[in-house]
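S.K.: All chains, please: the whole structure from these sequences, using the hints.
Number of protein chains: 2
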Amino acid sequence: MERYLDIDPWKVVETGFHPDRQRSSESIFSIGNGRFGQRANHEEAYSGDHLRGSYVGGVYYPDKTKVGWWKNGYPEYFAKVLNAPDWTSIRVRVNGEELDLAKQAPRHFRRTLDMHIGLLTRSFEVDIAGCILSVKAQRFCSMADVETAHVRYAIDVLSGEANLEMEAELNGDVQNEDANWEERFWELFDKDGDAEGGYLLVKTRKTGFQVGHAFRATCTVDGQPVEAHASPLDMGHALTFACSASAGASVLIDKQVGLVRDFDHAPDTLIAVAQQKAADAEASGWNAARQDHAMAWAAIWEGADIVIEGDDAAQQAIRFNVFHLNQTYTGDDPRLNVGPKGFTGEKYGGASYWDTEAYCLPFFLGTHPASVSRQLLVYRRNHLERAIENAEKLGFSGGAALYPMVTMNGEECHNEWEITFEEIHRNGAMVYAIHNYIRQSGDAAYMAEGGWEVVLGVARFWAQRVNWSEAKQAWVMLGVTGPNEYENNVNNNWYTNRLAAWCLQYAGEALDWMKAYASVALAEQNARWSFDESDERAHWESVSNGMFYPALEGTRVFLQQDGFMDKEQRMADDLDDAERPINQHWSWDRILRSVFIKQADTLQGFYFFEDEFDDATHRENFEFYEPRTVHESSLSPCVHVVLAAKLGMEEKAVEMYLRTARLDLDDYNREAYQGLHITSMAGTWMSVVEGFGGYRVVDGVPHFKPMLPSVWKSYRFNLHFRGRQLQVAVTPEGCDVSLTSGDPLDIVVDGEPRRLG
Amino acid sequence: MERYLDIDPWKVVETGFHPDRQRSSESIFSIGNGRFGQRANHEEAYSGDHLRGSYVGGVYYPDKTKVGWWKNGYPEYFAKVLNAPDWTSIRVRVNGEELDLAKQAPRHFRRTLDMHIGLLTRSFEVDIAGCILSVKAQRFCSMADVETAHVRYAIDVLSGEANLEMEAELNGDVQNEDANWEERFWELFDKDGDAEGGYLLVKTRKTGFQVGHAFRATCTVDGQPVEAHASPLDMGHALTFACSASAGASVLIDKQVGLVRDFDHAPDTLIAVAQQKAADAEASGWNAARQDHAMAWAAIWEGADIVIEGDDAAQQAIRFNVFHLNQTYTGDDPRLNVGPKGFTGEKYGGASYWDTEAYCLPFFLGTHPASVSRQLLVYRRNHLERAIENAEKLGFSGGAALYPMVTMNGEECHNEWEITFEEIHRNGAMVYAIHNYIRQSGDAAYMAEGGWEVVLGVARFWAQRVNWSEAKQAWVMLGVTGPNEYENNVNNNWYTNRLAAWCLQYAGEALDWMKAYASVALAEQNARWSFDESDERAHWESVSNGMFYPALEGTRVFLQQDGFMDKEQRMADDLDDAERPINQHWSWDRILRSVFIKQADTLQGFYFFEDEFDDATHRENFEFYEPRTVHESSLSPCVHVVLAAKLGMEEKAVEMYLRTARLDLDDYNREAYQGLHITSMAGTWMSVVEGFGGYRVVDGVPHFKPMLPSVWKSYRFNLHFRGRQLQVAVTPEGCDVSLTSGDPLDIVVDGEPRRLG
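If you read the sequences in order, they're chains A and B.
Using the numbering used here, you'd call the opening residue of the first sequence number 1 and step up by one each time.
Using the numbering used here, you'd call the opening residue of the second sequence number 1 and step up by one each time.
For the record, the hints were derived by calculation from the structure and aren't laboratory data.
The beta-carbon is built from N, C-alpha and C at its ideal position, and this holds for glycine as well.
Incorrect hints may appear among the rest.
What the hints assert, rightly or not - Derived coverage of chain B by chain A (criterion: at least 3 residues anywhere in the stretch with Cβ under 8 Å from a Cβ of chain A; other residues may be distant):
1. 57 to 68
2. 563 to 571
Claimed, not checked - Calculated lysine-lysine pairs in the DSS-like style (CA-CA distance at most 25 Å, straight line):
3. B:Lys347 - B:Lys203
4. A:Lys66 - B:Lys66
5. B:Lys652 - B:Lys713
6. A:Lys66 - A:Lys203
7. B:Lys71 - B:Lys347
8. B:Lys472 - A:Lys472
9. B:Lys64 - A:Lys347
10. B:Lys64 - B:Lys347
11. A:Lys66 - B:Lys71
12. B:Lys652 - B:Lys705
13. A:Lys347 - B:Lys71
14. B:Lys206 - B:Lys347
15. B:Lys64 - B:Lys393
16. B:Lys203 - B:Lys64
17. B:Lys347 - B:Lys66
18. B:Lys66 - A:Lys71
19. A:Lys64 - A:Lys347
20. A:Lys66 - A:Lys347
21. A:Lys64 - B:Lys347
22. B:Lys713 - A:Lys347
23. A:Lys64 - A:Lys206
24. B:Lys64 - A:Lys64
25. A:Lys71 - B:Lys64
26. B:Lys64 - A:Lys66
27. B:Lys347 - A:Lys71
28. A:Lys71 - B:Lys71
29. B:Lys66 - A:Lys64
30. B:Lys713 - A:Lys66
31. A:Lys203 - A:Lys64
32. B:Lys705 - A:Lys64
33. B:Lys71 - B:Lys393
34. A:Lys11 - A:Lys206
35. A:Lys206 - A:Lys347
M.R.: Structure, rendered in structure tokens:
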């Protein structure tokens, strides 16, 4: 860790230019609006090391899989998030010399991400071609009208005589850095332009997604318009502005962008709609549009802000996490999901993982109306047919569904046998998310509107995936990888076994609910999936009740998997610092053989099913596993915060919180250059609200059991619950919960009932 | 299986052209001489599906590894056998039309591999450009002078007037089909030629191996010389012959090739030596050279022939296997080894696997003087330093050596974690081979001349690879893959544990032998490897004596690994034919979870350590494992033949023999197109000699316990033993062992001592 950004409660600030951290900064300062977004690339040219990246939600390309040794069952394609046409560029030439901060070192460089209003600002002073310029570039992807974006680029000539040539571009000539075979992913469909702006319609190869872009731009010198010239590009269009500006002159370029997808508009209207969007944006102008955008952000913060007093670094961090989650997903489209890197990089594809169900869902449930989280469930329901195909490829039948490890459209993308075929606990997370959603939102009706079908498909999978062990006289699950990916192909992973058994039990409960409350839908859905209770339910119950769970004799400890105690029992504290993270210093076989745990595995089960275990069991397992855990997944510490806080282990909870909250801001693992850890940001929110705040929903009633870490003066968080907006304030004096809006509500704080409103 | 080749005791014959099997035929009819070799490509052009391939022993290219998901410890390169310059081509144009059997369908096509004399012949009749030609092409890679080869191409004009243009080529413009990144592996260094012949000096990229080629060619029509014209090629040289030939005319081209490596000659002499070789070959002429070549083969057959009476298919098969093994490896160069595909294809690289030690060594010990097998040991001794580096990459230290899974020069090439890092039993095979070599050859001195150093390095590896299990109160070995690659990352694989314990015990014995008989060498070697007995030996003994072995309670069955009995216990016979081979029909995770065994694993240990187990234990384990074995490795059936024969299970032994002997000839798995299963051919020899013949060497005395399968009338095999040549004949009347050459010898047949000579 090496902090290079300034601390500020509402802003992320880079003071002074850090070309060696440029890729990281481009990730950290990324902006987006749930529909599209992009890395914080410079508007003008930049020839130093960087990664130019613009991304459009839901648009992907199936890149032909790269594999050393093919295994039966591998998918042929990996759906990649696409580097999309670049609408941010404004090239600048001064007396014939191109502005490029890799060539002209800037002074007073400052990059600011104002999280309160969602605005990226970059300012600097530079000597170029005999002139001194002061430049200020600002942009935002509108949250108020998610099909528009605005760029404002201001140049003040401080000294010298500048012959300026500026080119505002819309350019489809882009490539993915992570393309397996150096293919181009886009093809040009149509483009044109004039001296007011231009448009570009592109289509992805293979998948055929169409995205229409249009832009308009104007330029003034000291308020006087500069004439624009149309400059067609090979794959786009640019407007060129040329002017002379002497010391004291102010040049201003305003650029407005419309960006529309064939998801939302008829393909043959895309050009017209994009042009209209750009024109509307131009008509409203920078100030009004920025105002609307800021209002949209204000509403988001009303639902999701967390205030931490007494620790500005923690304050900045939690807002940074909440900010990026909201930039990534807005919940208005069930075809979108929360990619692990959001709109901040190419790594992992922009696909969805079980992170969404296990980590992101609680965040969206707690900060937005239930409709937002529901979209995440609908996304998976819409992939059910593909999940069944996926299971069939692996040899399952009868409607068994295996949700993919990584996906864009429901098809599996990943191809590492120990993950793709074996990290099947993900399938249980789909069902747990349905349970969690209904528990928190109260929207039981969802069971009849997609829930049951998913529960059924997953239950059928587990029912086939186990086998009866004569030796153990129990159902066993062989050959799995648990959440702890530092173990592969193990038998009887406790978490997976427990989750599978729970899913089968929940399937029975869900079926009973459907029979009682949604018999018509049930009959229709059972016919669709050829389900007859009398054929399958008894087996579900047998497996659920007869599952094998490895345990450490003479203790309350559940064993992560069969044979876990054969390992050399070392503690993470015994490791040399020079060996950590072990995933960078140890060979893979050494990691596999070691006892060390990448992320919560057995403890993930304690997080999901905490009510099943008494505190002593809870504590004994925590004290057994945590010291063996190296937390080399960004998803690990948050679960430990929640559990440690529940057990009253303040020191451990705070230690773990610090590991999760500023992971990207302080670039702990030196990997922010690849993009941000978007999904683990939800874990940071969980850490505060479920961990320190002790928030749970029990029988429809919000419960709080708050802890105030001694390093903080106080904290408060906004919380959405079933149409109401709450604010929970935790101070040394106690916990105050107030109802900001909505109907009166019963809650429980520290075991005491309270009535709000 | 679909037999398309004719049965003949000494020949492989393809009658009628099978373009759909062309790639398979090119593999099956391959010729070589241990130094170089090539697939049975047509001399003239062929535009149908085929794989042109010439290979030079020991010459490889490190192709950049292709991998989907990188794991720490993976090597960066995979050493590939190289498709080398093509010296076989003789293009033919008739009245301007190119002869190409994909375009002019041949009549009376016949391709013959005469295994007795090592000669490839192809003849056919064809209508082309108004003429009918009869063509006969013959070639061989000389076993008498392994730096030369000969091609004879004869055309009889049966009707029509043929204006013939013939081009005898030496062409370096070749590529590997399996290149990961479509790179070229060779660069041209020098070339030239005149009207008598030409030369080509090429160098491999990165590795810098230099290979010099030269050729000469002459042409006659009805015995009258045809004038030659020099035709330079971009990467080679050709001679062009043009003539008119009427019906009844006979055209003959003789081509002689010299092929020399910088392994054997100074680089700056390669061109001259290659030219001299070609000139010498031309001087001796086709008939004399062929005679010398046939004599060399006669000597090989004297050592290695097996005669089976009453079953021509079995007879042909065993000779086919013996023939190819001898073409692949002659034991005159410790830099060479027995690649799994020999000179017959690109697949797997031409690298060496543990197949060499486990399967090929017994063959070469039984059919050649010990010096040949010794080279295979020296090969590994020479790679010891690299094996230590390989272990260091994985985190081992102190001189621990891990021999690679796949290699050319000692560096690991493979990159599949479950194999590369985990299939470590290979390391034990290195030591077992030393033991086996000394036991059979009596050359105990080898221990002091390289043996001990390898034994030490491997022992150090095992000593670190185990860990103490408090739970089991025993040494355990976690995270391995046994010979049965249908299980990955298992704990306590019985075979690996047993082999490791044996290696540690053998290391102690070897050390005692060195102290007693080679103390000077020992002192020098121990100093080199920083070995002090008092630091390490006690731990070896502790591990060797305290190793954990999984077993099935209440039986004599050793369990293949921990948890094996948790699997659903199915038998291979229960599988539908449509599901087999399961590696083509099942997903990888289903294979892993199933009980089915790819190849002998526990039973491989019974093969290695048969004296440790009584017959009842032997039988119980065989009867437990064989029915669970699907034999989807070509290396599986042979071990089962030996064990079944020992147990007197004739029917099973014969069934297994049939699966191994004609694997490639009948193209059982439809994969001969990739090249032949060279190393498993040694298993076929083992099946006959160790299996049916019951050959063992016990305390320096050859023992035989023969069985005559009822499907055969009789069989006899030649055998080399410590400088003597034996012939063992098994007939219904009994077993006759005679001494063909060498000193008198005591042997034991069916438990009865006999004296030979």
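S.K.: Name the hints, by number, that the structure is in violation of.
M.R.: 22, 30, 32 and 34
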